[in-house]
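Undergrad: Those protein sequence lines, which keep their order, are chains C and A.
Heads up: the first sequence begins at 37 in our numbering, then just goes up one per residue.
Heads up: the second sequence begins at 487 in our numbering, then just goes up one per residue.
Just so you know, not all the hints are guaranteed correct.
[As the list claims (entries may be wrong)] SDA-like mimics (lysine to any residue), calculated; alpha carbons at most 25 Å apart, straight line:
| no. | chain 1 | residue 1 | chain 2 | residue 2 |
| --- | --- | --- | --- | --- |
| 1 | C | 140 | C | 290 |
| 2 | C | 249 | A | 546 |
| 3 | C | 132 | A | 558 |
| 4 | C | 144 | A | 546 |
[To be verified] If you want the footprint, here are the derived chain A segments under chain C, 3+ residues with CB under 8 Å:
| no. | segment |
| --- | --- |
| 5 | 516-527 |
| 6 | 570-584 |
| 7 | 587-599 |
Bear in mind the hints are in silico, worked out from the structure with no lab data behind them.
Yeah, the Cβ is synthetic: ideal placement off N, Cα and C, and Gly gets one too.
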Amino acid sequence: MGKIFFFAMVGLALISGVFFAPETAELAIHPMDQFIVQPLFGHGEISWYTPTNMTLWLLLAVAAVFALMVLGSSRRAIVPSRGQSIAELAYGFVYKMVEDVAGKDGVKFFPYIMTLFMFIVMSNALGLLPMSFATTSHIAVTAVLALLVFLTVTILGFVKNGTAFLGLFWVSSAPLALRPVLAIIELISYFVRPVSHSIRLGGNIMAGHAVLKVFAGFAGALGLFSFLPIFAITAVYALEVLVAFIQAYVFTILTCVYLKDALHPSH
Amino acid sequence: MSTETNAAEVAQAATDAAHESAPGMPQLDFSTFSNQIFWLAVALVAIYLILSRVALPRIAAVLAERQGTITNDIAAAEALKAKAVEAENIYNKALADARAEAQRIAAETRAEIQVGLDEAIARADVEISAKAAESEKAIAEIKAGALDSIKIVATDTAAEVVAVLGGKSDAKAIAAAVADRMKG
Chain C
37 MGKIFFFAMV
47 GLALISGVFF
57 APETAELAIH
67 PMDQFIVQPL
77 FGHGEISWYT
87 PTNMTLWLLL
97 AVAAVFALMV
107 LGSSRRAIVP
117 SRGQSIAELA
127 YGFVYKMVED
137 VAGKDGVKFF
147 PYIMTLFMFI
157 VMSNALGLLP
167 MSFATTSHIA
177 VTAVLALLVF
187 LTVTILGFVK
197 NGTAFLGLFW
207 VSSAPLALRP
217 VLAIIELISY
227 FVRPVSHSIR
237 LGGNIMAGHA
247 VLKVFAGFAG
257 ALGLFSFLPI
267 FAITAVYALE
277 VLVAFIQAYV
287 FTILTCVYLK
297 DALHPSH
Chain A
487 MSTETNAAEV
497 AQAATDAAHE
507 SAPGMPQLDF
517 STFSNQIFWL
527 AVALVAIYLI
537 LSRVALPRIA
547 AVLAERQGTI
557 TNDIAAAEAL
567 KAKAVEAENI
577 YNKALADARA
587 EAQRIAAETR
597 AEIQVGLDEA
607 IARADVEISA
617 KAAESEKAIA
627 EIKAGALDSI
637 KIVATDTAAE
647 VVAVLGGKSD
657 AKAIAAAVAD
667 RMKG
């Protein structure tokens, strides 16, 4: 059955390549156009409150989180339905991560970390829908997320530990002569954290979507041989599904690691 | 009029083109940042409220309830198992008790029978000895009777013999002679 379907799709791709090949087979690829923020209604300037395509997809992410976590668990079944299972799985996954990485006293930050995880994983997943808008591909979004984590963790570190938090930069296990050098390196790496934290997520999502668009452009230009880029799109799409989850996971677990540093700043 | 419209259209197209071909990445178009950050904040707050107010407590409750149910079921199963083991022990004990009781009763009965038997044997012995004594007495009587009869017969016979031989029977002498003979 799967084989028949597969060959039917290949045939369809070939036929469409023959019949719908563009008259002017020029390479008109605009891989970055999908990221343009536009007003939802009409044209014009974008002020801070204007509903844009990004607004739409951010709110859709909220709706998706609501559907999964609230509607999915609404029956409170002892033997869970599929939706409830996924909600419980997400809950257990993040809860265990926070508990294992940040420790017992990190558990009270679980709702915040869960918020980050659910937002990122839902946005990444929604961004993979055709014609959608990948909100997490925007550095403004990921930078805000990373800065939230950075500021929270830094303030929390000083509030919890006072000046002892600076011990994070003073590697007491190293030889005394090396410690000032290490302190400078640690300090720099500490302030690079939000940069890498945000660019890792934004860069991955942006690159993946851009690559998909580039292959799509090839598919439009190659005519009969468009099945090659279509296969490539399939492969890259599968990879992107993986990346969508993995990047959410990486962002969340790094948040937990930073949280652990703030709670227990000893090396 | 037409030139005006044309000019407006050209201007529109120019801004559009500027927008479309915004050099490189739309991500670096800082004019949209305030908008993105505002709506991101809205989305994050919404998700936080949804999760912390409704979803997470509910899921935690469901998980705890399930954990409780499982724990209770396991505890109940353990209690039932303990009960079964207890019942088995009681059964085994009852069995052992019954066996001991049976053995005790058997031993008691055996002892009772033994006692009866001994009594009966003793009684029989007594009876036997009594009977034997009686018999002995009877035999002695008979024996004594026989001796007297012999004495009389011998005396008579001796008197007759003496008389036949022509003597005069001296009763005393005969009796003495018979007694003398019978001693020997």
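Undergrad: Taking the hints in turn, state whether each one holds.
TA: Outcome of the hint check:
| no. | hint | in the structure |
| --- | --- | --- |
| 1 | C:140 / C:290 | holds (17 Å) |
| 2 | C:249 / A:546 | violated (42 Å) |
| 3 | C:132 / A:558 | holds (24 Å) |
| 4 | C:144 / A:546 | holds (13 Å) |
| 5 | 516-527 | holds (count 11) |
| 6 | 570-584 | violated (count 0) |
| 7 | 587-599 | violated (count 0) |
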